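Heads up: the sequence lines are chains A and B, in that order. Each residue of the first sequence is one higher than the one before, starting from 1 at the first, in the working numbering. Each residue of the second sequence is one higher than the one before, starting from 1001 at the first, in the working numbering.
Source of the hints: derived by calculation from the structure; they are not laboratory data. Because the structure is a prediction, the values reported are computed rather than measured. You can trust all of the hints, since none of them are fake.
Straight-line alpha carbon distances no greater than 25 Å define the calculated DSS-like cross-link-like pairs of lysine-lysine that follow: (1) A:Lys171 - A:Lys211; (2) A:Lys250 - B:Lys1083; (3) B:Lys1370 - B:Lys1154; (4) A:Lys244 - B:Lys1162; (5) B:Lys1363 - B:Lys1018; (6) B:Lys1269 - A:Lys220; (7) B:Lys1166 - A:Lys250; (8) B:Lys1247 - A:Lys246; (9) A:Lys244 - B:Lys1165; (10) B:Lys1038 - A:Lys100.
Have a look at the derived ranges for each label pair, beta carbon to beta carbon: (11) B:Ser1204 - A:Leu184: 23 to 29 Å; (12) A:Glu135 - B:Ala1104: 36 to 42 Å; (13) B:Ser1262 - A:His60: 40 to 46 Å; (14) A:Gly157 - B:Leu1273: 46 to 52 Å.
Some chain A residues close to chain B (C-beta under 8 Å, calculated; not the full set): (15) Tyr106; (16) Pro210; (17) Lys220; (18) Thr243.
All residues carry an ideal CB built from backbone N, CA and C; glycine is no exception.
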Amino acid sequence: MAEHKINIDNQIGILFDAAECIGCGSCYEACKLQNKLPETNKDFLRDHLSDKTYTTIEQHGDYYSRKLCMHCIEPTCVSVCPVGAFEKTELGPVLYDEDKCIGCRYCMQACPHNIPRYEWSSTSPGVRKCVMCNERLKEGKLTACAEACPVQATVCGKLSDLIKEAKNRIKKHPEKYFPHIYGLEEAGGSNVIILSPVPFDQLGYSVKIPKQSMPDFTMKAMEKIPTVVSVGGIFLTGMYWLTKRKNQIKKEEHHLEEKK
Amino acid sequence: MKTKLAAIFNFQKITFWKAAAFLIAVIGVYSFFIRITKGLGASTNLNDFVPWGLWIGVDFIGVGLAAAGFTIAATAHIFNNHKYESIARPAILTAYIGYMMVVALLVIDLGKPEHFWHPLIMWNIHSVMFEITWCVICYSTILSIEFAPVVLEKYNFPRLLKFVKKITPGAIILGVLFSTLHQSSFGSLYLIVPAKVYPLWYSSYLPVHFFISCIAAGLSMIILEAYLCARAFGQGLNIRILSGLGKGVLTVLIIELVFKFSDLISAGKFNLLFVPLNETYFFWLEIIIGFVIPIWILTHPKYRVNRTGLYFAAIFTISGFILNRMNVCVTSLVRSSGQSYVPSLEEIGITLFLIMIAMIAFKYVVENFKVFSHEETHETKAAENVTAVLEGNR
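Chain A extracted, bound-state conformation (with noise of 0.2 Å):
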């Protein structure tokens, strides 16, 4: 895993287990009642992710998955914004700043999981996802999923101690669940974490995610900038003057030989 550049100790996750969600919908009611957002499917389970849906309950045979932001340890989206509207804060939501944003939707392009959405139909459009929670979070209260989640499918709580349930999950039960954590790794890890019963491509989630921070992907370009400028720099003065010189040794051998 890659190092990361901020202390991930005190900071909050999600833990989703495919395994022990019933698929009631609870979550998916009190996201869209905690964030205000209006009804947008009568079947939660049809629903899809969209400017005003910030998680979803996907139904693949028997089992129940979920979607939100993973909000990753190191965030694409915080990497890719030119003008710095995703934020990681402190206590581990990555959050959007709308004023700030110019609405080039590389973040959307970038997120290795898909998942912010846009308010395509508005004229002065705004990028739309999960928070986390924050602004309860900071009053020390859980997301409203995890509060909402009836059979502990979905909890909130520091991060190192979800990891710890996670593993203790896959430990105890070593016959309930298939033997990863999603999220630990992938795209160099993330505070949401998913646990599931089968492999995690049949839940729709992604295994093609790289282990390892994406913004690392970009950085290994941007990091030769210096180099290109100052060697270019030197080399286009260096030639310049070289051959300029150079026509200028020609010109005078020139008017000698017309002297001659």
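Guided by the hints, dock chain B onto chain A, whose structure is given.
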């Protein structure tokens, strides 16, 4: 008597091109109106899974085709190869107009165009988009310095002209650096989505591919312009220079082709070249149109010294380049987004309208300023007189 404006557009004569231009203008203004009043959702076919479409592709293409602005300026004024001095001005003009068009389109594409100035004061140095924004702003400023002599000569500001000429070499060096950075950075934009871009196009060398390919496309653009200008206003370019450009295009195309395939093979993607998928076909189309055909034409010396031969080589190189950029920003993402994307009427309308404005602007500047070199203009003045006489006799 004709007014000056009427003389520029020559309203009396209705030709196919004027009718087409009128149609494009009507659709363009309508599309712009829908974009502003109804938003991106109503005016584009973009959605949450395809947040970037035709406009971003056209931005890549516009900036790439403007690449001659820095390569020719460097050849003529940094490497002091005076043979190419006469095409420095058309190249810089192309770049200038190209960048203005791209900036306009970028702002239209923004969800909040009223915030377009935010990157100036709100910084995120980790963002490729931020770097591109700054490079484009700086390079556009430099292009105005590089093009200023043309305007200053015409309106006779000798002292200012002298000053501008003094700072020009420095400006050109900076221009080359800014261009190198942002031409390649358009490729860097996709480095962060390795799981989304189809592997035939994804490469950690994407910025290098973008940089090399823009040089061939930019030089081809000058060949194309020279050919079209020769036909339109009798202002052309010396065949010696054009075939020099042709040689340049050939060299760059071969380098990029070899690099492209060695990159694919060393990344273990050789087998992907023969998988029967749409992506494979589009990739080969790009290789055949953009590399095989123009390289074949240009390796024949008899076509390389022939205007028509060069013209076709340029057309193929540019088409292949356009295909490559559209492949990277549309084709390569279809599979991972699970959605196919076809641009809307409004997206196409605004794009064509801007291209048309750029062409009219180019024509206007060429006709009113000394863009093409002296001798050439003398020749063409004579040619113009002849045609004027002929037309008068009709």
